[in-house]
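J.: My request is simple: use the sequences and hints to build the entire structure.
Spelled out from the first residue to the last, the chains are:
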Amino acid sequence: AQSVTQLGSHVSVSEGALVLLRCNYSSSVPPYLFWYVQYPNQGLQLLLKYTSAATLVKGINDFEAEFKKSETSFHLTKPSAHMSDAAEYFCAVSLGDNDYKLSFGAGTTVTVRA
Amino acid sequence: GAGVSQTPSNKVTEKGKYVELRCDPISGHTALYWYRQSLGQGPEFLIYFQGTGAADDSGLPNDRFFAVRPEGSVSTLKIQRTERGDSAVYLCASSPIAGGPLNEQFFGPGTRLTVL
Chain A
2 AQSVTQLGSH VSVSEGALVL LRCNYSSSVP PYLFWYVQYP NQGLQLLLKY
52 TSAATLVKGI NDFEAEFKKS ETSFHLTKPS AHMSDAAEYF CAVSLGDNDY
102 KLSFGAGTTV TVRA
Chain B
4 GAGVSQTPSN KVTEKGKYVE LRCDPISGHT ALYWYRQSLG QGPEFLIYFQ
54 GTGAADDSGL PNDRFFAVRP EGSVSTLKIQ RTERGDSAVY LCASSPIAGG
104 PLNEQFFGPG TRLTVL
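Line order of the protein sequences matches chains A and B. Residue numbers are given in the numbering used here: position 52 of the first sequence equals residue 53, and the series is strictly consecutive. Residue numbers are given in the numbering used here: position 12 of the second sequence equals residue 15, and the series is strictly consecutive.
Just so you know, these hints were derived from the structure itself, not from any lab. Misleading hints may appear alongside valid ones.
Which residues of chain B face chain A? A few of them, derived with a C-beta cut under 7 angstroms, are [what the hints assert, rightly or not]:
# : residue
1 : GLN44
2 : GLY45
3 : PHE48
4 : ASN106
5 : GLU107
6 : PHE110
7 : GLY111
8 : PRO112
Glycine residues also receive a C-beta, built at the ideal position from the N, C-alpha and C atoms.
T.: As structure tokens, then:
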């Protein structure tokens with residue numbers, strides 16, 4: 002079985018500051034890892050995914066995440082927050098080629114202060 | 004083309020009633036998924052279709068929940084004898100194929116179900 006833990010249910014950052022959202026996973030096999038963003042009244046949108054290629058993954062809107070196997074982590078960062086980054090962010094894991102279910106963390110809500 | 008659509012966007016019903024939630028996936032996507040998102044939690048897997056057949060329904064909480072996809076496109080999630088605990092946002096997603104690195108699931112906006 003696999004699971005995801007997101008540390009911090011709420012994160013508040015100033016506009017222009019670094020955004021750091023933490024995600025740790027547990028998995029019995031090398032996982033596929035995803036970050037999704039959910040804006041109010043919209044569906045989940047994929048930000049980026051790790052699929053065993055490069056450990057540093059770049060996504061949309063200048064987000065990136067680094068897969069660290071030794072730490073079982075997949076933290077999401079963005080160098081400079083924009084007001085439009087205010088949303089809920091979910092980390093998710095699937096077990097690979099024969100797996101299709103996504104197991105999600107509880108989510109982290111990001112607010113951006115002007 | 005259009006993304007995944009779900010209807011209705013909101014559904015309010017009374018305890019004990021029957022409800023149907025509809026999902027229109029992206030055209031050509033063979034895999035379709037249902038998830039349930041309770042307040043303050045991440046989405047939880049309910050059921051997965053590959054084509055017309057339910058390949059995995061292990062996430063359905065009990066036999067009051069049922070889903071169909073008769074023609075391999077539109078899917079309907081059916082809940083009988085609704086309970087207050089069924090209140091949640093029901094999310095549908097589709098992907099071109101299932102599993103593997105191409106398993107990007109595209110999500111609809113969800114149906115918010117409230118059981119009074």
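J.: Now tell me if each hint is right for this structure.
T.: Cross-check of the supplied hints:
1. GLN44: Holds: closest Cβ of chain A sits about 6 angstroms from GLN44 (chain B), inside 7 angstroms.
2. GLY45: Hint on GLY45 (chain B): holds, closest Cβ of chain A at ~3 angstroms, below 7 angstroms.
3. PHE48: holds (5 angstroms)
4. ASN106: Since the shortest Cβ distance to chain A is 6 angstroms, the answer is holds.
5. GLU107: holds (6 angstroms)
6. PHE110: holds (4 angstroms)
7. GLY111: holds (5 angstroms)
8. PRO112: holds (5 angstroms)
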